[in-house]
Amino acid sequence: MKSEKNTAVISVIGKDKVGIIAKVSTLLSENNININDISQTILDDIFTMIMLVDLKDHEIENSDIKDKLNALGDELGVIITIQHTDLFDKMHRI
Amino acid sequence: MITDFEILETMKMFNEQHLDIRTITMGISLMDCASSSVDETCKRIYDKICRYAGNLVEVGEKISKKYGVPIIHKRISVTPISIVAASCGATDYTPFAKTLDKAAMACGVNFVGGFSALVQKGYTNSDKVLIESIPEALASTSYVCSSVNLASTRTGINMDAVRDMGRIIKKTAELTKDNDALGCAKLVVFANAPEDNPFMAGAFLGPGEPECVINVGISGPGVVKHALEEVRGRDLGTVAETIKKAAFKITRVGELVAREASERLGVPFGIIDLSLAPTPAVGDSVARLLEEFGLETCGTWGTTAALAMLNDAVKKGGTMASSFVGGLSGAFIPVSEDEGMIAAAASGSLKLEKLEAMTCVCSVGLDMIAVPGDTTAETISGIIADEMALGTFNNKTTAVRLIPVPGKGVGDSVEFGGLLGMAPIMDVNKASCADFINRGGRIPAPIHSMRN
Numbered sequence: 107m108k109s110e111k112n113t114a115v116i117s118v119i120g121k122d123k124v125g126i127i128a129k130v131s132t133l134l135s136e137n138n139i140n141i142n143d144i145s146q147t148i149l150d151d152i153f154t155m156i157m158l159v160d161l162k163d164h165e166i167e168n169s170d171i172k173d174k175l176n177a178l179g180d181e182l183g184v185i186i187t188i189q190h191t192d193l194f195d196k197m198h199r200i
Numbered sequence: 209m210i211t212d213f214e215i216l217e218t219m220k221m222f223n224e225q226h227l228d229i230r231t232i233t234m235g236i237s238l239m240d241c242a243s244s245s246v247d248e249t250c251k252r253i254y255d256k257i258c259r260y261a262g263n264l265v266e267v268g269e270k271i272s273k274k275y276g277v278p279i280i281h282k283r284i285s286v287t288p289i290s291i292v293a294a295s296c297g298a299t300d301y302t303p304f305a306k307t308l309d310k311a312a313m314a315c316g317v318n319f320v321g322g323f324s325a326l327v328q329k330g331y332t333n334s335d336k337v338l339i340e341s342i343p344e345a346l347a348s349t350s351y352v353c354s355s356v357n358l359a360s361t362r363t364g365i366n367m368d369a370v371r372d373m374g375r376i377i378k379k380t381a382e383l384t385k386d387n388d389a390l391g392c393a394k395l396v397v398f399a400n401a402p403e404d405n406p407f408m409a410g411a412f413l414g415p416g417e418p419e420c421v422i423n424v425g426i427s428g429p430g431v432v433k434h435a436l437e438e439v440r441g442r443d444l445g446t447v448a449e450t451i452k453k454a455a456f457k458i459t460r461v462g463e464l465v466a467r468e469a470s471e472r473l474g475v476p477f478g479i480i481d482l483s484l485a486p487t488p489a490v491g492d493s494v495a496r497l498l499e500e501f502g503l504e505t506c507g508t509w510g511t512t513a514a515l516a517m518l519n520d521a522v523k524k525g526g527t528m529a530s531s532f533v534g535g536l537s538g539a540f541i542p543v544s545e546d547e548g549m550i551a552a553a554a555s556g557s558l559k560l561e562k563l564e565a566m567t568c569v570c571s572v573g574l575d576m577i578a579v580p581g582d583t584t585a586e587t588i589s590g591i592i593a594d595e596m597a598l599g600t601f602n603n604k605t606t607a608v609r610l611i612p613v614p615g616k617g618v619g620d621s622v623e624f625g626g627l628l629g630m631a632p633i634m635d636v637n638k639a640s641c642a643d644f645i646n647r648g649g650r651i652p653a654p655i656h657s658m659r660n
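Taken in sequence, the protein lines are chains X and P.
Adding 106 to a residue's 1-based position in the first sequence gives its number in the numbering used here.
Adding 208 to a residue's 1-based position in the second sequence gives its number in the numbering used here.
Next comes chain X alone, as it looks inside the complex (with noise of 0.2 Å):
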């Protein structure tokens, strides 16, 4: 489905440490896609980060940037996910 943007939404869930912000940042220049808005929350330790890109020409389904995202998570001891934003604009949005 053609959607007027190609933003997606990137969740990252865990135990906080030190340079996860970094590390996903980088990885996403890396991949030339931008960060158009970041929010972050510690909440009872849990680490929250949620990120809005600017996927360009990228497609989720067709790129390995989600399998790049999951193996960092691995790696961090986080879940990293990624959607398209047309998802929560379907729910959340008459």
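All the given hints hold, so there is nothing to weed out.
Partial list, computed: chain X residues near chain P (C-beta under 7 Å):
{"no.": "1", "residue": "V115"}
{"no.": "2", "residue": "S145"}
{"no.": "3", "residue": "I156"}
{"no.": "4", "residue": "E167"}
{"no.": "5", "residue": "Q189"}
{"no.": "6", "residue": "H190"}
{"no.": "7", "residue": "L193"}
{"no.": "8", "residue": "K196"}
{"no.": "9", "residue": "H198"}
Below, computed lysine-lysine pairings styled on DSSO-like, alpha-carbon distance capped at 27 Å:
{"no.": "10", "chain 1": "P", "residue 1": "K270", "chain 2": "X", "residue 2": "K111"}
{"no.": "11", "chain 1": "P", "residue 1": "K638", "chain 2": "P", "residue 2": "K616"}
{"no.": "12", "chain 1": "P", "residue 1": "K562", "chain 2": "P", "residue 2": "K604"}
{"no.": "13", "chain 1": "P", "residue 1": "K336", "chain 2": "P", "residue 2": "K306"}
{"no.": "14", "chain 1": "P", "residue 1": "K379", "chain 2": "P", "residue 2": "K616"}
{"no.": "15", "chain 1": "P", "residue 1": "K220", "chain 2": "X", "residue 2": "K172"}
{"no.": "16", "chain 1": "X", "residue 1": "K129", "chain 2": "X", "residue 2": "K174"}
{"no.": "17", "chain 1": "P", "residue 1": "K523", "chain 2": "P", "residue 2": "K604"}
{"no.": "18", "chain 1": "P", "residue 1": "K220", "chain 2": "X", "residue 2": "K129"}
{"no.": "19", "chain 1": "P", "residue 1": "K251", "chain 2": "P", "residue 2": "K336"}
{"no.": "20", "chain 1": "P", "residue 1": "K220", "chain 2": "X", "residue 2": "K123"}
{"no.": "21", "chain 1": "P", "residue 1": "K270", "chain 2": "P", "residue 2": "K256"}
{"no.": "22", "chain 1": "P", "residue 1": "K256", "chain 2": "P", "residue 2": "K310"}
{"no.": "23", "chain 1": "X", "residue 1": "K172", "chain 2": "X", "residue 2": "K129"}
{"no.": "24", "chain 1": "P", "residue 1": "K604", "chain 2": "P", "residue 2": "K559"}
{"no.": "25", "chain 1": "X", "residue 1": "K111", "chain 2": "P", "residue 2": "K273"}
{"no.": "26", "chain 1": "P", "residue 1": "K310", "chain 2": "P", "residue 2": "K251"}
{"no.": "27", "chain 1": "P", "residue 1": "K273", "chain 2": "X", "residue 2": "K162"}
{"no.": "28", "chain 1": "P", "residue 1": "K523", "chain 2": "P", "residue 2": "K562"}
{"no.": "29", "chain 1": "X", "residue 1": "K129", "chain 2": "P", "residue 2": "K273"}
{"no.": "30", "chain 1": "P", "residue 1": "K270", "chain 2": "X", "residue 2": "K174"}
{"no.": "31", "chain 1": "P", "residue 1": "K220", "chain 2": "X", "residue 2": "K111"}
{"no.": "32", "chain 1": "P", "residue 1": "K638", "chain 2": "P", "residue 2": "K559"}
{"no.": "33", "chain 1": "P", "residue 1": "K270", "chain 2": "X", "residue 2": "K162"}
{"no.": "34", "chain 1": "P", "residue 1": "K336", "chain 2": "P", "residue 2": "K310"}
{"no.": "35", "chain 1": "P", "residue 1": "K562", "chain 2": "P", "residue 2": "K524"}
{"no.": "36", "chain 1": "P", "residue 1": "K273", "chain 2": "X", "residue 2": "K172"}
{"no.": "37", "chain 1": "P", "residue 1": "K524", "chain 2": "P", "residue 2": "K453"}
{"no.": "38", "chain 1": "X", "residue 1": "K174", "chain 2": "P", "residue 2": "K273"}
{"no.": "39", "chain 1": "X", "residue 1": "K111", "chain 2": "X", "residue 2": "K162"}
{"no.": "40", "chain 1": "X", "residue 1": "K172", "chain 2": "P", "residue 2": "K270"}
Derived from the structure by calculation, the hints contain no laboratory data.
Please read all numbers here as calculations on a predicted model, not as lab measurements.
Built from N, CA and C at the ideal position, the CB exists for glycine as well.
Let chain X serve as the given structure and place chain P on it in line with the hints.
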């Protein structure tokens, strides 16, 4: 702009509350596959299914990856084989089932539905052959599902077919007894069967459907239960409102997936089936959701009222989310596939008679219920007749999927594994209805005025 709260809520639905798309089902018309020979018809069926559904699984996986939404099954439904095979003059339709099985395997789908006949008013010669072929067809295939529509509100109930299906279910159990009568888990009888249902075992592509169509079945009892946990102790109006909101969100995911699948496959989008389909996983249970209303155990007094409200609120929320809602749409209450139902049946709180009452107000019917192996064919037909009457006279879909497990009785249980789960054998009223069933004939269609 989507808020962090909404993003986290969505993620919890998928990660903790078992929200998933249960199935993308591609309906394929086999009308043009009919020929005068079995071999030629089977060849056409195989080729057509592979041509249309060859990349169904791949597309499903891509959509799943793009949105991070689990899509559990990809399935195929086809024109009822009793129609497609009619011109062959064959006396056994097992080769057609084997062809469907082979095509399903080639496409990599989880199930193919449509080894079916629509006999609500009477049998064609072909319908008779199909029904007699069901036991062998299900025993000799892995992916094929079979369904028979026995009744409708417009035609009444074909009691000859009700009688015959009792016998066919027993025979299917006997032929698959080494697998705890697994064949019966792939066989369902209907009143008012929907022609666009994506769920198994009852999926087939009705004669009024297009050449090829995408129907999507959603799931998500865990999401609704979680939402209700937030409004404990509040009045029932609040409960209804909460269910509607949760159903809206779930259905929108289904709509997104269906539209995208339709576009990628170049196949029209048919309907969203907004059923709450449970799985045996803890936290994915319709029974536990009903208990969240304030019931100690599913099956106790109040269960029918809670289910009626749940079913209605799900439909109201869902129809706001998608204009094309169809199929079965409502809450499913299978026993073996629902952790809470299994527990309620095992504890004795949930009985067959209560399940029958519950089917008056929910979608589908007596589903995935294991009964003693010595239950007679006439008693099974009697159970079917009652359920068909509920559907026919109340103008709704009802169904029966019973599993009489050879060699097992009350106190035993059967394990089917996977989404089919496990089931305690439930007690059945043993007083005979044989003379009633053996009368045969038809129960006339109900009158539509003077409704009370």
